[in-house]
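Visitor: If you read the protein sequences in the order shown, they are chains A and B.
Everything in the first sequence is counted per my numbering, starting at 1 for the first residue and increasing by one.
Everything in the second sequence is counted per my numbering, starting at 1001 for the first residue and increasing by one.
Any given hint might turn out to be false.
As the list claims (entries may be wrong) - DSS-like mimics (lysine-lysine), calculated; alpha carbons at most 27 Å apart, straight line:
(1) B:1009 x B:1071
(2) B:1057 x B:1071
(3) A:42 x B:1014
(4) B:1083 x A:42
(5) A:2 x A:45
(6) B:1014 x B:1083
(7) A:42 x B:1071
(8) A:45 x B:1070
(9) B:1057 x A:2
(10) B:1071 x A:45
(11) A:2 x B:1083
(12) B:1083 x B:1057
(13) A:45 x B:1009
(14) B:1057 x B:1009
(15) A:2 x A:42
(16) A:79 x A:42
(17) B:1009 x A:42
(18) B:1014 x B:1057
(19) B:1083 x B:1009
(20) B:1009 x B:1070
(21) B:1057 x B:1070
(22) B:1057 x A:45
(23) A:45 x A:79
(24) B:1057 x A:42
Unchecked claim - Label pairs and their calculated CB-CB ranges:
(25) A:29 x B:1054: 20 to 28 Å
(26) A:70 x B:1027: 25 to 33 Å
(27) A:14 x B:1030: 39 to 47 Å
(28) B:1044 x A:7: 16 to 24 Å
(29) B:1056 x A:27: 16 to 24 Å
(30) B:1108 x A:70: 36 to 44 Å
(31) B:1016 x A:66: 46 to 54 Å
In short, the hints are calculated from the structure, not lab data.
No residue lacks a Cβ here, since even glycine has one placed at the ideal position from N, Cα and C.
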Amino acid sequence: RKEVEQDPGPFNVPEGATVAFNCTYSNSASQSFFWYRQDCRKEPKLLMSVYSSGNEDGRFTAQLNRASQYISLLIRDSKLSDSATYLCVVNVIGQNFVFGPGTRLSVLP
Amino acid sequence: DGGITQSPKYLFRKEGQNVTLSCEQNLNHDAMYWYRQDPGQGLRLIYYSQIVNDFQKGDIAEGYSVSREKKESFPLTVTSAQKNPTAFYLCASSLHNEQFFGPGTRLTVL
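This is chain A alone, in the form it adopts within the complex (with noise of 0.2 Å):
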C-alpha cells in the first residue's frame, strides 16, 4: 500500500460547481498535512496546510479525518484558474513529506 494515495482524476467540472478531493494516508504517526497545488510544469505551491479542526481559506475548505486516516479539499464556486493538478503532502515530525500522486481538475467553462 502507498503511503499516500489519492485518485489521479481527471475531475473535470463546469465552472461554478464545487468539487471534492480526497487523500489517504497509511502512517498514523503523521503528525502535519498540506494541500499543494501544482500547475502545468510548474513547481508545487502551498495552498494551505491542514488542521485537526479543519480550516477554511476563501473558496477552499480542508479537513482532517484522523480515525479513517485522510484529509479532503473542498473547491466551492469551481474557477477557470483552479485548473490544476492537487497534492495531499504527509509528514511525520522528524521525518520527511511524502507526497500523494496528486489529482488534476479541470474547470470547463
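Given the coordinates of chain A, assemble chain B onto it according to the supplied hints.
Guide: For chain B alone, coordinates are given in the frame of chain A:
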C-alpha cells in the same frame, strides 16, 4: 526578495556526462531537499539535508550526489550512473513544517 532559485531552467546533456543542478535559497532555512518528478507522477525524494555539512539519502539516491557546504546552497549532481536521468528536478527548503519549492530544472539527456 526572499526565495529559492534553481538554474538552469532547461538543461540538455549527452548520455554519459555528469551534470550539476544549482539550488540557492535566501530564506535562512536549515533544511533543503531534492525531488525528482516524472510525467504524471508524484515527487520522489532524492536527497535531503537538515543542516550544513550533513545530508541523507532519500528514496531514489542511486546515481545522484549532493553537497551542503553552505546553508544557502544545495547542488545536485546527476552522474552517468543514473539510468534514467531525464526528468523535472525540484529543490525545496523548509522551516518548521512547510516546504517551499524552487521553479525546477527540466533535464533532458540525449
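Visitor: All the hints need checking, so say for each whether the structure fits it.
Guide: Status of the hints after comparison with the structure:
1. B:1009 x B:1071: holds (22 Å)
2. B:1057 x B:1071: holds (18 Å)
3. A:42 x B:1014: holds (24 Å)
4. B:1083 x A:42: Holds: residue 1083 (chain B) and residue 42 (chain A) sit about 24 Å apart, inside 27 Å.
5. A:2 x A:45: holds (23 Å)
6. B:1014 x B:1083: The given pair, whose Cα atoms are some 13 Å apart, holds under the 27 Å limit.
7. A:42 x B:1071: Roughly 25 Å separates the two Cα atoms, so the pair holds.
8. A:45 x B:1070: holds (25 Å)
9. B:1057 x A:2: holds (20 Å)
10. B:1071 x A:45: holds (22 Å)
11. A:2 x B:1083: Given pair residue 2 (chain A), residue 1083 (chain B) holds - Cα atoms ~24 Å apart, limit 27 Å.
12. B:1083 x B:1057: Cα-Cα ~17 Å, so holds.
13. A:45 x B:1009: holds (17 Å)
14. B:1057 x B:1009: Between residue 1057 (chain B) and residue 1009 (chain B) the Cα gap is close to 24 Å, so the pair holds against 27 Å.
15. A:2 x A:42: Between residue 2 (chain A) and residue 42 (chain A) the Cα gap is close to 25 Å, so the pair holds against 27 Å.
16. A:79 x A:42: holds (19 Å)
17. B:1009 x A:42: Cα-Cα ~11 Å, so holds.
18. B:1014 x B:1057: Distance of about 26 Å is within 27 Å: holds.
19. B:1083 x B:1009: holds (21 Å)
20. B:1009 x B:1070: The given pair, whose Cα atoms are some 22 Å apart, holds under the 27 Å limit.
21. B:1057 x B:1070: Roughly 18 Å separates the two Cα atoms, so the pair holds.
22. B:1057 x A:45: Judged against 27 Å, a Cα distance of about 24 Å means the pair holds.
23. A:45 x A:79: holds (18 Å)
24. B:1057 x A:42: holds (25 Å)
25. A:29 x B:1054: 20 to 28 Å: The hinted range 20 to 28 Å holds for residue 29 (chain A) and residue 1054 (chain B), with Cβ atoms some 23 Å apart.
26. A:70 x B:1027: 25 to 33 Å: holds (31 Å)
27. A:14 x B:1030: 39 to 47 Å: Cβ of residue 14 (chain A) to Cβ of residue 1030 (chain B): about 45 Å, so the range 39 to 47 Å holds.
28. B:1044 x A:7: 16 to 24 Å: Because 20 Å falls inside the window, the suggested range holds.
29. B:1056 x A:27: 16 to 24 Å: Since residue 1056 (chain B) and residue 27 (chain A) have Cβ atoms about 18 Å apart, the given range 16 to 24 Å holds.
30. B:1108 x A:70: 36 to 44 Å: holds (37 Å)
31. B:1016 x A:66: 46 to 54 Å: holds (49 Å)
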